[in-house]
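**Student:** Sequence:
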Amino acid sequence: MGSRIVTMKRQAAELGRIRTGYSRPNADPSKRPIPVKSETFVLSSHSRDYVAAAAELWGGEVEQWTPQNQRVEQYRVITRAREIRAILPAGDPLSQSYEMWSGGGCSRRCDGEVERLSGQPCLCLARYGPDWHERSPREVCRPTSRITVMLPELPDLGVWRLESKSFYAADAMAGGVDIVLQATDGRSMMPVRMWIEQRSVVRHGETKNFPVVMVVPSLPKLRHALAGPLTTAAALDPGMLTERPAIETGRPDYLAEAASCRSADEVREIWHRANRAGHVNRDGTDDLSRQLMQIAAAIEAGVDPVTDEVSGRDEAELDADGAVEAELVEDDEPPTAYPAAGWPPVTPPGGGAR
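Just so we're aligned: 325 in our numbering is position 325 of the sequence shown, and the numbers increase by one with no gaps anywhere.
Calculated directly from the structure, the hints in this document are not laboratory data.
Just so we're clear, the structure is a prediction, and the values are computed from it rather than from any experiment.
Virtual Cβ for every residue (Gly too), placed ideally from N, Cα, C.
Be aware that a few hints might be false.
Said to hold, decoys possible - Simulated restraints on C-beta separations:
1. Arg138 / Gly91: 17 to 25 Å
2. Arg203 / Arg223: 22 to 30 Å
3. Asp28 / Val6: 50 to 58 Å
Said to hold, decoys possible - Calculated lysine-lysine pairs in the DSBU-like style (CA-CA distance at most 35 Å, straight line):
4. Lys208 / Lys37
5. Lys37 / Lys221
6. Lys31 / Lys221
Just need the whole structure built from these sequences, with the hints factored in.
**Tutor:** Written as structure tokens, this is what we have:
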């Protein structure tokens, strides 16, 4: 059995970056390149193979490129993809802070209340007040969001990092990731859709345009995203969730529990528990409710819900088809206590109308 340094971060290898903009050369070589906001995703990496695979998948041309203020040449592709599918790794893949960088590296890193490097209260807030973020980036820290995702259609095991310095995008990105974390508790991967959404805001009579990277779960239905941690197979192939048995969605196997019940009342309690957990509709029109109703009716009629064998009944009580006539039971509880479709039904499993 191997061991780990407990104080060391355990991070997957970073294979490249996902960007929402690029730069083009300035007509005046003495001036800095001109930044361009992209409507499609831009991928860059030290590996030409990764970028070439992205170009083949999402379009665009592979080109050599050197990031600003760096000397090491990389590769990048300005894809034609406005949306890409990715997987959020387990844990919290989002890191956010207010940062100020200089030639010597990061000089400030703040959580909005405390500047972590110095331990002092937020310097920008103290100096410029609550609207400090509207000032020039040369004067104040910039909100920096970094999110890591896996791109399952590209080679090798590792993550790609997307970085945004937009104040408005930071809030939208955190909201999407927090929904995922609430559903999985950070204990599993989650397939997501990512796209660039152009937005605008009016401040002091001036319209400001900015891109926001939206990150939302990519699953057949919302309930799949909220049902709890996913298996690795489901994260890689979300389509399998449409046919996945209930026990694999993270919910109890209510049908197996009901089949072992000795009375219809016990089955009703299971339905109530499933209803409180949001796994059945209150009106009883969903498949699980109908199956539980059938099991309850079978038990009321003296039929084993697993084997369909009749117990404790004389042959005289069977009709021509060999089925048991169900007894109607009056309930003292309000109509809303059980599904409006009727509880229990008068149709035992495997039989027609009685």
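**Student:** Work down the list of hints and note, for each, if the structure agrees.
**Tutor:** Do the hints match the structure? See the list:
{"no.": "1", "hint": "Arg138 / Gly91: 17 to 25 Å", "result": "violated, 35 Å"}
{"no.": "2", "hint": "Arg203 / Arg223: 22 to 30 Å", "result": "violated, 39 Å"}
{"no.": "3", "hint": "Asp28 / Val6: 50 to 58 Å", "result": "holds, 53 Å"}
{"no.": "4", "hint": "Lys208 / Lys37", "result": "holds, 13 Å"}
{"no.": "5", "hint": "Lys37 / Lys221", "result": "holds, 33 Å"}
{"no.": "6", "hint": "Lys31 / Lys221", "result": "violated, 51 Å"}
Hints 1, 2 and 6, counting from the list given before, are not met by this structure.
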